[in-house]
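Take the given structure of chain F and dock chains G, B and P to it, following the hints.
Spelled out, the chains give:
4 protein chains.
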Amino acid sequence: MAIQVSVCGPRQCTEEDRQNAFELGRLLAEREAVVICGGYSGVMAAVAAGVKTVGGIVVGILSRADREDANPDLTIAIPTGLGEGRNNVIVNSGDAVLVVGGSWGTLSELALAMRRGRAPVIQLGGWALYNERGNPVPGVARASTPTEALELTGLWK
Amino acid sequence: MAIQVSVCGPRQCTEEDRQNAFELGRLLAEREAVVICGGYSGVMAAVAAGVKTVGGIVVGILSRADREDANPDLTIAIPTGLGEGRNNVIVNSGDAVLVVGGSWGTLSELALAMRRGRAPVIQLGGWALYNERGNPVPGVARASTPTEALELTGLWK
Amino acid sequence: MAIQVSVCGPRQCTEEDRQNAFELGRLLAEREAVVICGGYSGVMAAVAAGVKTVGGIVVGILSRADREDANPDLTIAIPTGLGEGRNNVIVNSGDAVLVVGGSWGTLSELALAMRRGRAPVIQLGGWALYNERGNPVPGVARASTPTEALELTGLWK
Amino acid sequence: MAIQVSVCGPRQCTEEDRQNAFELGRLLAEREAVVICGGYSGVMAAVAAGVKTVGGIVVGILSRADREDANPDLTIAIPTGLGEGRNNVIVNSGDAVLVVGGSWGTLSELALAMRRGRAPVIQLGGWALYNERGNPVPGVARASTPTEALELTGLWK
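Protein chains in written order, with the numbering used here: chain F, 1 to 157; chain G, 1 to 157; chain B, 1 to 157; chain P, 1 to 157.
No lab work stands behind these hints: they were computed from the structure. Mixed in with the good hints there might be a few duds.
[Unchecked claim] Output of the computed footprint for chain F on chain G, the stretches with three or more beta carbons under 8 Å from beta carbons of chain F:
#1 79-85
#2 101-107
#3 127-138
[Stated by the list, open to error] Here are some chain F residues pointing at chain G (derived, C-beta under 8 Å):
#4 Gly83
#5 Glu84
#6 Gly85
#7 Gly102
#8 Trp104
#9 Gly105
#10 Arg115
#11 Gly126
#12 Ala128
#13 Tyr130
#14 Glu132
#15 Val137
Using N, Cα and C, we set each Cβ at its ideal position, and we do this for glycine too.
Just chain F, same shape as in the assembly:
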């Protein structure tokens, strides 16, 4: 089986998020990783487009029970019918979880990935977390470029 990397991010994203997601998709597909994403618009569409430029495989784990609104660049669509419960399936499917940009849905994926604790979690942009004493919550690696994000996964050492 190939390496699988999950890429999470919001539907409504910044132009910088979009560029980062596209580049991540391209770089992951070049390394022959299967890319797992949420399958709709925004960051999800950008990463799928990036994968497609090099003919890689990108799987959309959809919240709906059918393929309506699924991004046309997906290689495979999995209509879970779980609503936001599908975020846990996205997170479970990655040997690493890359998080681009910030939204409540995206944060739930980051938190579920950290809760699971079995794969590296890397943030590119997005929100920051502080505990009750005002200190940053540890555990999430931060990258400033897509290339650095891939290095931080440790999957291609």
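Showing chains G, B and P alone in chain F's frame:
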């Protein structure tokens, strides 16, 4: 149907979290709300114990597919077999979502509740969120006591 | 914790199914069992109405992520947002699974309950199963009345 | 996006089921369909092996939250962590659902596919269903060979 309130929080919690959760359970049951929780130890056990002192109803939405490790103070146990995917079911079940203390699992519940956007979300202690420009992410109300948390739900105006 | 019994059956049911479901609800609530059902119309509504006549507790495990269309006789509604995936949650929640009448959704619950294999499964009416050699598939007990169905669970010996 | 076909069947299957599943995998991959299956042993392993002989894509929708026990012939593994709730995801993912052999888990997939009602459902071997009046329950097409099963889907007319 009665008012239903979801109370989320970590297994490993502080003594203050435990006291807050117990008091929330007691106050909610006095108001005849059905309490929804995750059904195991820590904050979940404390809220269930609080409900029990006044003979109320507390439902545990379990991650496991059986009742193993379920808290004995639960009135009803729902073994979803969804793992952390059950967090979404907890959040969907509340007319308000009260979050006590901080952990990655708890944060996923907070984020899913905000993503859903259909019920007030109130935090008692726990982590804080900042966006990319260093400003607090808006939307989560903060209470400093259980009584204030219940007032902020707006359910008993 | 009380005994929990899951009652499954179709939205579109016969008048006989409806009477059987109502009577099951009444008998289960008299025995202080918590009744778990799918929470909508047909057999689900009839069992909830039966529970209500004696002031018992009936939980609706809903397919939707909100309470729209939930039966008003439910004591508690759990909007799973899982679609038909909620059938597995219904089945997991019962110390026994009672199946009234026949439909594809109902059959999926019967099959999931038999697959799980941890609780007695009793059929009242409904479809019949034959294997490839034309013999009845063993394992599902058949009752001809609600009282017999409860006896066959073995829960009140 | 390619055509996606779900193939369901038991872990413990007959030698005939195994041969049918292998042949279905081979024929589907030759037609460039993506094959969706449960990802473990028995019929699931046989269909994956068939796909692999012609270099096609086969996705395993796993019940576990990790890849333990996943069949090594899978191209992609989706560890849902849903237990038997993953059967609904398998069924939702197919433009047609092919059912090989019989077991309670397999029957739940057949029933969920019929309940969904959006894709043709074809049985190769396995159990038979009769309603309360002793008549066969209509709706499931029956094939006697893998080639006939593919024809009955109507996907390659």
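How the hints compare with the structure:
Counting residues of the region 79-85 of chain G whose CB falls under 8 Å from any CB of chain F gives 4; the rule of at least 3 is met. Coverage of the region 101-107 of chain G by chain F holds. Counting CB-CB distances below 8 Å, 5 residues qualify, and the rule asks for three or more. Counting residues of the region 127-138 of chain G whose beta-carbon sits less than 8 Å from any beta-carbon of chain F gives 8, enough to reach three: the coverage restraint holds. A cut of 8 Å between beta carbons decides the hint on F:Gly83: the least distance to chain G is about 7 Å, and the hint holds.
The interface hint given for F:Glu84 is met, as the beta carbon of that residue sits about 5 Å from the closest beta carbon of chain G, less than 8 Å. The interface hint given for F:Gly85 is met, as the beta carbon of that residue sits about 4 Å from the closest beta carbon of chain G, less than 8 Å. About 6 Å separates the beta-carbon of F:Gly102 from the nearest beta-carbon of chain G, less than 8 Å, and the hint is met. The interface hint given for F:Trp104 holds, since its Cβ lies 4 Å from the closest Cβ of chain G, which is under the 8 Å cut-off.
Evaluation of the F:Gly105 hint against chain G yields a held restraint, the C-beta minimum of about 5 Å falling below 8 Å. The beta carbon of F:Arg115 comes within 4 Å of a beta carbon in chain G, closer than 8 Å, and the hint placing it at the interface holds. Of the supplied interface hints, the one on F:Gly126 holds, with its beta-carbon coming within about 7 Å of a beta-carbon of chain G, less than 8 Å. The beta carbon of F:Ala128 is positioned within 8 Å of a beta carbon in chain G (closest approach about 5 Å), and the interface hint is therefore held.
With a least beta-carbon distance of about 5 Å to chain G, the hint placing F:Tyr130 at the interface is held under the 8 Å criterion. A distance limit of 8 Å between C-beta atoms decides the matter here; for F:Glu132 the minimum to chain G is near 6 Å, and the interface restraint holds. Satisfaction of the interface hint for F:Val137 is found here, the shortest Cβ-Cβ separation to chain G being roughly 6 Å, below the 8 Å cut-off.
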